[in-house]
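**Q** Sequence:
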Amino acid sequence: MILVGLTGLMGSGKSTVLSMFKELGAAVYNADYEAKLLMHTPILRQEIESLFGKSAYVDGKLDRAYVSEVVFDDPVKLKQLNSIVHPAVKSHFKNYASSSKAVYVVYESALLFQNSLKSLFDYIIVVTAPSEEIISRVIKRDNSSREAIKKRLAHQNITKSELEKADFIIENSTLDTTRLCVKNIHTSILSNQ
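Mapped onto the working numbering, the consecutive letters of the sequence shown carry residue numbers 1 to 193.
Keep in mind that the hints were calculated from the coordinates and are not lab data.
Among the hints, a few may not be true.
[What the hints assert, rightly or not] DEER-style ranges, computed between Cβ atoms:
#, residue 1, residue 2, range
1, Gln46, Leu120, 40 to 50 angstroms
2, Ser99, Arg179, 27 to 37 angstroms
3, Glu132, Thr41, 23 to 33 angstroms
4, Lys151, Ser188, 30 to 40 angstroms
5, Thr41, Lys160, 15 to 25 angstroms
6, Ser98, Gly53, 18 to 28 angstroms
7, Gln193, Asp63, 40 to 50 angstroms
8, Glu164, Thr16, 34 to 44 angstroms
9, Asn192, Gly60, 44 to 54 angstroms
10, Lys183, Asn95, 38 to 48 angstroms
By construction, the Cβ of each residue, glycine as well, lies at the ideal position given by its N, Cα and C atoms.
Based on the sequences and whatever the hints tell you, model everything.
**A** This is the structure we're talking about:
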């Protein structure tokens, strides 16, 4: 089984690229989506409530706005939350990948480098886009303010040395060029299996 890590800043187009790989037959894993589901499991919920209090969940659902507000103003709480959620996601992904019948699995996460996951993957793909394009996309997608987006982006930077660790970089400017890049990467992965 070939494991591929896909990362990039929020709004760079990771989910679009992930769906393109899925169309080509890859198994795909969206770490953010799976983390949201896992945070509702009894074990993680108990740990999150012990960290943030009962107000972390409203009507049985995680109050993402409340938790986000706390963690982005308190780096210690963010680190503690990550230490709860990320190991659960990693374990869940390993189970998912081992049961997949696809030739390769693409794991999407904005925090791939920050979570020291690089060693888990055979290939790393970084999706990039111009800063203003990223901000514009996230404003439309999340209905967030420019200031809130910049604050969130500050926690997701990809350094030059991290870019150098990438096996492939997709500059997501247009859908057609992005689709061509994805097809070329797909072909390269298959030819090197």
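**Q** With reference to the structure, classify each hint as holding or not holding.
**A** Status of each hint after checking the structure:
no., hint, in the structure
1, Gln46 x Leu120: 40 to 50 angstroms, "violated (27 angstroms)"
2, Ser99 x Arg179: 27 to 37 angstroms, "holds (28 angstroms)"
3, Glu132 x Thr41: 23 to 33 angstroms, "violated (38 angstroms)"
4, Lys151 x Ser188: 30 to 40 angstroms, "holds (37 angstroms)"
5, Thr41 x Lys160: 15 to 25 angstroms, "violated (38 angstroms)"
6, Ser98 x Gly53: 18 to 28 angstroms, "violated (36 angstroms)"
7, Gln193 x Asp63: 40 to 50 angstroms, "holds (44 angstroms)"
8, Glu164 x Thr16: 34 to 44 angstroms, "violated (24 angstroms)"
9, Asn192 x Gly60: 44 to 54 angstroms, "holds (46 angstroms)"
10, Lys183 x Asn95: 38 to 48 angstroms, "violated (29 angstroms)"
In terms of the numbered hints stated before, the structure departs from hints 1, 3, 5, 6, 8 and 10, listed from lowest to highest.
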